[in-house]
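There are 4 protein chains.
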Amino acid sequence: MSDRAYALFEEQQKARGIHLDEVKASLKALKIETPSWGYGDSGTRFKVFQKEGVPRDPFEKFEDAAQVHGLTGLAPSVAIHIPWDKVDDYGKLRSHAESLGLSIGAVNPNLFQDEDYMLGSVTNASAAIRRKATDHLLECVDIAKETGSRDLSLWFADGTNYPGQGDIRRRKGWMFEALTEMYKAMTPDMRMLIEYKCFEPAFYHTDLADWGMAYNMALKLGPQAEVLVDTGHHLPGANIEHIVAYLLDEKRLGGFHFNSRKYADDDLIVGSINPYELFLIFYQILNAAGDADPAVRRNVANIAYMIDQSHNIEQKIPAMLRSVLNVQTQFAKALLINHAEVSAAAETGDVLGAEDAVRRAFEFDVTPLLHAVREEQGLPIEPMKAYLNSSYGKDILARGKGGASW
Amino acid sequence: MSDRAYALFEEQQKARGIHLDEVKASLKALKIETPSWGYGDSGTRFKVFQKEGVPRDPFEKFEDAAQVHGLTGLAPSVAIHIPWDKVDDYGKLRSHAESLGLSIGAVNPNLFQDEDYMLGSVTNASAAIRRKATDHLLECVDIAKETGSRDLSLWFADGTNYPGQGDIRRRKGWMFEALTEMYKAMTPDMRMLIEYKCFEPAFYHTDLADWGMAYNMALKLGPQAEVLVDTGHHLPGANIEHIVAYLLDEKRLGGFHFNSRKYADDDLIVGSINPYELFLIFYQILNAAGDADPAVRRNVANIAYMIDQSHNIEQKIPAMLRSVLNVQTQFAKALLINHAEVSAAAETGDVLGAEDAVRRAFEFDVTPLLHAVREEQGLPIEPMKAYLNSSYGKDILARGKGGASW
Amino acid sequence: MSDRAYALFEEQQKARGIHLDEVKASLKALKIETPSWGYGDSGTRFKVFQKEGVPRDPFEKFEDAAQVHGLTGLAPSVAIHIPWDKVDDYGKLRSHAESLGLSIGAVNPNLFQDEDYMLGSVTNASAAIRRKATDHLLECVDIAKETGSRDLSLWFADGTNYPGQGDIRRRKGWMFEALTEMYKAMTPDMRMLIEYKCFEPAFYHTDLADWGMAYNMALKLGPQAEVLVDTGHHLPGANIEHIVAYLLDEKRLGGFHFNSRKYADDDLIVGSINPYELFLIFYQILNAAGDADPAVRRNVANIAYMIDQSHNIEQKIPAMLRSVLNVQTQFAKALLINHAEVSAAAETGDVLGAEDAVRRAFEFDVTPLLHAVREEQGLPIEPMKAYLNSSYGKDILARGKGGASW
Amino acid sequence: MSDRAYALFEEQQKARGIHLDEVKASLKALKIETPSWGYGDSGTRFKVFQKEGVPRDPFEKFEDAAQVHGLTGLAPSVAIHIPWDKVDDYGKLRSHAESLGLSIGAVNPNLFQDEDYMLGSVTNASAAIRRKATDHLLECVDIAKETGSRDLSLWFADGTNYPGQGDIRRRKGWMFEALTEMYKAMTPDMRMLIEYKCFEPAFYHTDLADWGMAYNMALKLGPQAEVLVDTGHHLPGANIEHIVAYLLDEKRLGGFHFNSRKYADDDLIVGSINPYELFLIFYQILNAAGDADPAVRRNVANIAYMIDQSHNIEQKIPAMLRSVLNVQTQFAKALLINHAEVSAAAETGDVLGAEDAVRRAFEFDVTPLLHAVREEQGLPIEPMKAYLNSSYGKDILARGKGGASW
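Chains as they are written, first to last, in the numbering used here: chain A, 3 to 408; chain B, 3 to 408; chain C, 3 to 408; chain D, 3 to 408.
Just chain A, with the same shape it has in the complex (with noise of 0.2 Å):
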C-alpha cells in the first residue's frame, strides 16, 4: 500500500509543480535538537510526578536521546544545561555523546535555581550577585568550548512580582552589562541566542519580555547575537509567525525553543495544540529561504531547531519521539506550498486564493513522503511503533524511580 501511496502522492505533486526530489532533500537536512532536560522528570508548582525509568545523570540522558535520533534521523544534538548537566569531564560527556552518534548542542545556563537569585540574577540589585550570576555565563562559555557546541542558549527568569520591587531601566543596564561581558567571552564562530519570555516565574514585569527587547540587546551586542523565539512565551493571539518573518528579514532569528500553549507557557508536546500555526511558522521561514538577499537566506540556514518542553505526564522518550516527529511533519506540509502560486494570488488581492494556496498544503497527508523519506535514509517507516516494539523502554525501567528532575 505503501508504495501506491507514495507514486499517487508524487503525481498529485508533481500535477502541483511540486517536486519531490527537493522535498525529500530538505526534509533529510532538518535537524531538530533535543534538550537534555527534557529526558527527565518535570512538573508543575503543584507537583512533579515520578516517572520509572527517567534517566539518572547526563550520561543516560544521552543514551536516551540517542533513541530518538536513532530511529528518526532527526535529532542528532542533544542541548545541556548547567548545572543539571554539570560533569566533571565534558570531554567524557563529548565522546559518550559521539559514540552514540550525538553531538552536544546548545549550552543552557541555570539562573533561577539558586537562593541568591530569588530576587534577580543578572539584574539582581546586588553586585556581588550579579557577579555571581555573570561568572556562571562565563563559565558556559568555556564548557562550550570543551563540549565543542556553537550556540550559548540563554533564558532569564529575571523580572519582578510587583511594582517598585525593582528599578525596571537599572535592571534593563545590569541585564546589558552582563550579556555584554559575556560576548566578549565568546570565540568568533559562537552564537549567542538570547530568549524573552512575557511572564513567569516573573509576576509583573520579566527583564526581557518580548522579542523587541531580546532584539534590542542583539543588535547592540552585535552580529553574533540572536534572538531565540520560544513558541510558548507569548501573550495570548501575538502572530508569532509574523515575529519570526520579522526576525529573518533583520538577519537575527537564531533560532526556537518549540513547545505548545493553550493558556500560558503550557510545554506541551509541539504540534499538539495548534499544528497550523508551526506549518505557518515554516512557511514564513521557507518563504524567507528564496530570498535574494544571501544574509537571509543565510540566517535560515543557520536556524537553530530545538525542542523545550515539559512532559509532565507524559512517558519521555516517546514524547521526545512524537514532539520531533510533529515537526517533521508541519516541515513536510510547509515544503509543500507552491509559493509562486500564492504570490500569484496575492499580487492580484485574490485573498480567497492566495489563502486557499497556503492551506491547501496544509491539508495534504504527507505520510506516504515521510515513509518514503525514511525508507530511502534506511530508518523505520514507523519510529514510534519501532521504538514501542523494542525493548528498550522496559529495560531503562530497571533505573527505577527518582531520575533527573528540575
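For the record, the hints were derived by calculation from the structure and aren't laboratory data. Small disclaimer: the values here were computed from a predicted structure and weren't measured. Warning: the hint list may mix true and false statements.
If several chains are the same, the list does not tell them apart, and a pair holds so long as it fits within one copy or across any two.
[Said to hold, decoys possible] With a Cα cut of at most 27 Å, we get these calculated DSS-like pairs of lysine-lysine: (1) K403 x K94; (2) K403 x K134; (3) K186 x K222; (4) K49 x K88; (5) K134 x K49; (6) K88 x K186; (7) K387 x K16; (8) K30 x K253; (9) K222 x K253; (10) K16 x K33; (11) K49 x K403; (12) K186 x K253; (13) K33 x K94; (14) K33 x K147; (15) K94 x K147.
Add chains B, C and D to chain A, keeping to what the hints say.
Below, chains B, C and D alone, put in the same frame as chain A:
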C-alpha cells in the same frame, strides 16, 4: 493630625450623604480568612525559595496567623489543607487555635499531590483511584466535624493536557458522582464551596473550568453547594464582578479566594495589581446587600472571604498583613459609594455621571477612616508598622529554614 | 487519479476499522445554514468596503445562497435578520426560497441598530424601550410562523461600557423578563437559541457574557430554550470544545455560529485560523453522538450549524463556499476518529496513544472521500472551481456597488 | 473645607519628604493634546449612534476643544486628522485655533478609509496605491508646515486577514520605503511618531504590530522618528509601563495615545478601567525624569501626551473633560511617589516595602492638591461641574444631529 484628618473626612462624607457610623460598623464586621499554607514556603515550577522562620507545623502556622488577626482584627479564622495540616488530634489543634483567639475555617482537601492522581483524582479513569479520592473528600467532612468548620472548600486540579487523553463527558459524570457522595455526607449546617479554574496544572481542559460548570454542579447537588470565586482563575479580560453579581442574584455565591493576577494564576497579593477591580467586586456585593430579596441579602451575609496566594518572594507574615489590609482598604472605599447617586444617574442615561459616582468613592483616601476604626477596636493604627516594630519576626527566625511548603 | 485515490483511502480506513459507507452517510446528512447578511457588505468600525455585485435585497441574497447550496449540497437553509431582511410578504420570500431549493432558517432579531438602543434594548433602564425591544422579539416569533422557521436566534448587544452605568442585576432581571415573554409566544415546535458574547460592542460588561449565563437563562425558561455557541465569542484560550461537550451532556446545546478568531471576535472564515479547533469541536459532538443516553443523542441530532462571519475583504459567494467547505472538511476528518481506539488508550492511561488516535484522524487528507461523496450526490467535485468557472460571479456585477450592508 | 483639606494634605506630604511646590509646578506644566475626532460621533462596527450637538466642521471642533482647555488649563493643543479635518485654508484654521487660545497639534494621516486601501495602503501590493498612500503622507508633512505642527502621528491599519494574503516581509519593505520618503520630507524640527497595534482592523497580521516593530523602523529612519504608545493597542496582559521605561531608556518614546481597554482596543475613557496602570506608567516616566543621562531626561520632556478614544455613548465634551482630568489625577498621584524611599527598599530586597512605597502614593486623595493648583491658575475648582453649569452644552444642541463622525 489623625483627628483632624478624620474630622475632615467625616465632614466630607456627610456632605455626600455617607454616614460613617454605618461604614464603621460594616468595617468592624469584615472577616477575612487566611490560609494556613500562606504562612509556609511556596514557589513556581522553577524553584521554591526557602525562607528562614516559616512555621514547621500546623500549630506554628496558627501562631503566625494569630499575629495577623491580633494586629488587624480582620482574620479570626484560618483555612486548613489536608494532608498538609494533618494532625493526630484535631481537637488539640482546635484548642490551640481557640487559645490564640482563632477558629479553624474551611477544610481544603488536597487531591493533586499523590502519584495516583497524575491523570485525575475524582475524574480518573480508574475506579480505584476515584474511590480513594472520594474517600479523601469524606475524610475531610469528618475532619470538618472535629474542627467545627462550616465550609468544605473544593479545588480539583483534574483535567487533561491533550485532546483524547480523557473523555470529557465521562469525567464530568465522575465529578458529579464524587461530589454527590460528599454532599450526602455533610451535616445540614455545612457548605460545599466549589471552585473553578480555567487552567493549570491541566493545560488542555480542566474538569471544572469556569463558574458555569461549578454553578451547574452546585445546582444539581442542592442548596448547600455554592460557587467559590478565586480571583486568579479566569481567562484574560473576564469581568469578575459581573460573575459575582450574577451568582449573588442566583444566591449561589459561596465565597472568594482572593489574590491578584496580571497574566495567569499569578497568586500575587490581592489588590496589588489592579486594586480597582477589587473595589468593583465589593461594589457589586454592596449593591446586592441592599436587595429587596432576603435570599440575596442572606447570600451576601454568608460570603466567605478568604485569601489564597503564593508568597514566593515575600516575607510571609507581612505579606498576609498586606493582603488583609488591602482587602479592608478596598472594602472601605466601596462602602463610600452612594448607591442612590449611581442609580439616579444610571436611570437617566447619564453614563458619565454614573461612572463618576462609582469611581469617586475609589479616589478617597480611607486612611483616616481606617485609623479611627482601629482605634475604636483597640488595634494598632498601623498594623504593618506595629508588626515590623515587634520582635515576632526576628524571634521566629530561630525556626530556621525548611519549614512547611507545598 | 481520483478513483485510485479513493480506493487507496478506503483501503487505509478499512484497515483502521473505519467504514466509509457510514462516513459518507454522515457527510451527506451534514447541513450548514448560511446567513443572509453574509452575502452583503460588512466591515470594521474603521470602514465598510463596498463590493460590486452584492445583493440589493433579501431575494437576491437567497439567489446567491442558492449558488452555495447548489454547488455543495451543504447549505439548504438561510438565516434571516430582521429588519435587514424585512419584506412586506414573507410568504413570497418563502416561495422564492423554495423555488431555489432553499428554506428559510433561523430568524434573528436585531436589537442594536436603533438609536433607542444605545444604552440597551431589553435591558434598557427605560421601560418604554424595553417594551419596544420585547415587541420586536414578539414580531420575530410571528415572522418565524410565516417563514416556517423552527429557530429564533438571539444575540443581544446589551451591556455597559463603564462601572455604574447600569445595574448589572436589574438588567439581568429585565433580560429574563423579555425572554420569558418571547418564550411564551413561541409555538411548541419552536426553539429559542440564546447566544452569549464576552464583549463588543459593550466594553465593560455584556449582559449575557458567557455560556453559563445563557445556560442559566435557558434552564429557567424551559426545554425549548438552548444555548448558541458562536466560536468567536470567547475570551483568549477558552476551550470551546469543552463547553460544547458540557452543554451536550446537559442537553442544552442549540447550535453554532461558526467563524474564526485570532484576537477578538474577528469573524474570519471558519477553519482558516485554527482548523484543529474546529475538528476538536466535531470530535466532541461525534463522541456524544454515540452516547447511551437518547436525550444526548437527540441533542446532537438537533444541533443547528450556522455560519456567522464578516466578509470584509473577500468576495462574498466564494467566501461562503470556502466556509461551508471548511466545515465539511473538518467534519469529515472527525468522522475518521476511531473512538474505540481513543477510549482504549485513555482508559489505560496511555496519554500519547490517546492523543495520537485523535490527531491522526486530522492528518488524513479527506479530498478523495469528499470527491466521492460529491460525485454520488451529483455535485461538482470541486465546488469552488465550478463556481469560479461559472458566469454567476460576473453576471451579478451588474448589480453594481452599494448593495446590502449592515 | 478646601483650605483645611489642603493644609492637612501639605502637612502629610511634607512629613513624607514631598514638597508640594515642585509637585504643583509639574502639574501646571502638564499638557494633554485632545484629538479633533474625539468631539465627533464614533461607534462600533455595529452602529454609530448620533448625538445632538456634535461639531459640524473642524472649526467647531476647535471651539469645543477650547471649552476643555478653558476649564482645565490642560489641553492647549488639538490633533487633527486628514482628511477629516481637511480645509481649504490651514492658515485660517490655525488663526481660529489661536484665537481660542489653542494650537494645532499632531497631524494624523488617514490611510484606511479609501476604497483603494482595502488590502493595504503603503504596504499594498499595487505600486500605484502605495504611491497614492505615500503622497498622502507627504501631503500631511506639507499641512504640518502650514499648521506649525511638530508631530506627524502615524497609524497604519495595514495588515492581512489570512495567511498568504500578503507577503509579510515584502510589506515590511514597502512600509520602510514609504516612511523613508516621508522622513526625508520632514523639516529638522519635525518628529515622526510611529504607532503600533496588535490587531484590528486586520485580523491575522498587522504590519506594525508591536513596539519592537515600530522601534525597529524608527531606529533605521533616524533620530526624528520615535515610537507612539497607544495604551489600547496591546495584547492581554502586556506590561505597558515596562515598554514605556524601555523606550525611554533607548530615548525613543515619542508619546502616548491614551485610552482604556478591558478586552481589545476598547477606546474607553483613559483611567476608567484600570487607573493603577495609568499611575504606574507615570511612575516610570517620573523615574526616568530623574535620570543621570540628559538624553533620557530630554526624552521625558518631549513626550507628547494625547487622548485617542471613541466616545460612542458619552456626551463628547464631558467625556473629554473626564479624560484629561483622569490623566491629571493619576499624574498628580505619581508625583507623590518618594523615589528615594522606593529605591532604598528595592536595593535591600524589601519587596513589600518597595511595593508599598509606590502603592501608597496612589492611595492619596489628590483632590485638595488639584483644587489648589486650579485656584492658583485661575481655573474653576471643579471643571466638570463648571461645564455642566454653563450653557455651552445646551447651546450647541442647535447644531442638531449628524455632525462629524468617522
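Status of each hint after checking the structure:
1. Taking CA atoms no more than 27 Å apart as the test, K403 paired with K94 passes inside one copy only; the shortest distance there is 26 Å, against 38 Å between copies.
2. Only between protomers do K403 and K134 lie at most 27 Å apart by alpha-carbon distance; the minimum there is 23 Å, versus 33 Å within a single protomer.
3. For the homomeric pair K186 and K222, the shortest alpha-carbon distances inside one copy (13 Å) and between copies (25 Å) are both at most 27 Å.
4. Proximity of K49 to K88 under the C-alpha cut-off of 27 Å is found in both arrangements, the shortest distances being 25 Å within a copy and 19 Å between copies.
5. Taking identical chains as interchangeable, the C-alpha atoms of K134 and K49 lie at most 27 Å apart only when they sit on different chains, with a minimum of 18 Å there against 30 Å within one chain.
6. With identical chains, the CA atoms of K88 and K186 are at most 27 Å apart within one copy only, with a shortest distance of 23 Å there and 55 Å across copies.
7. Taking identical chains as interchangeable, the C-alpha atoms of K387 and K16 lie at most 27 Å apart only when they sit on different chains, with a minimum of 20 Å there against 30 Å within one chain.
8. In this homomeric assembly, K30 and K253 come within 27 Å of each other (Cα to Cα) only inside a single copy, at 24 Å, whereas the closest approach across copies is 47 Å.
9. Taking the closest pair of Cα atoms, K222 and K253 come within 27 Å of each other both inside a single copy (14 Å) and across two copies (14 Å).
10. In this assembly of identical chains, the alpha carbons of K16 and K33 lie at most 27 Å apart only when taken from the same copy (26 Å versus 35 Å across copies).
11. For a Cα distance limit of 27 Å, the shortest separation of K49 from K403 qualifies both inside one copy, at 15 Å, and across copies, at 21 Å.
12. Both within a single protomer and between protomers do K186 and K253 lie at most 27 Å apart by alpha-carbon distance, with minima of 21 Å and 26 Å respectively.
13. In this assembly of identical chains, K33 and K94 lie within 27 Å of each other by CA distance solely inside one copy; the values are 24 Å within and 62 Å between copies.
14. Within a single copy, K33 and K147 get their C-alpha atoms as close as 22 Å, which meets the 27 Å cut-off; across copies the closest is 56 Å, which misses it.
15. In this assembly of identical chains, K94 and K147 lie within 27 Å of each other by CA distance solely inside one copy; the values are 14 Å within and 61 Å between copies.
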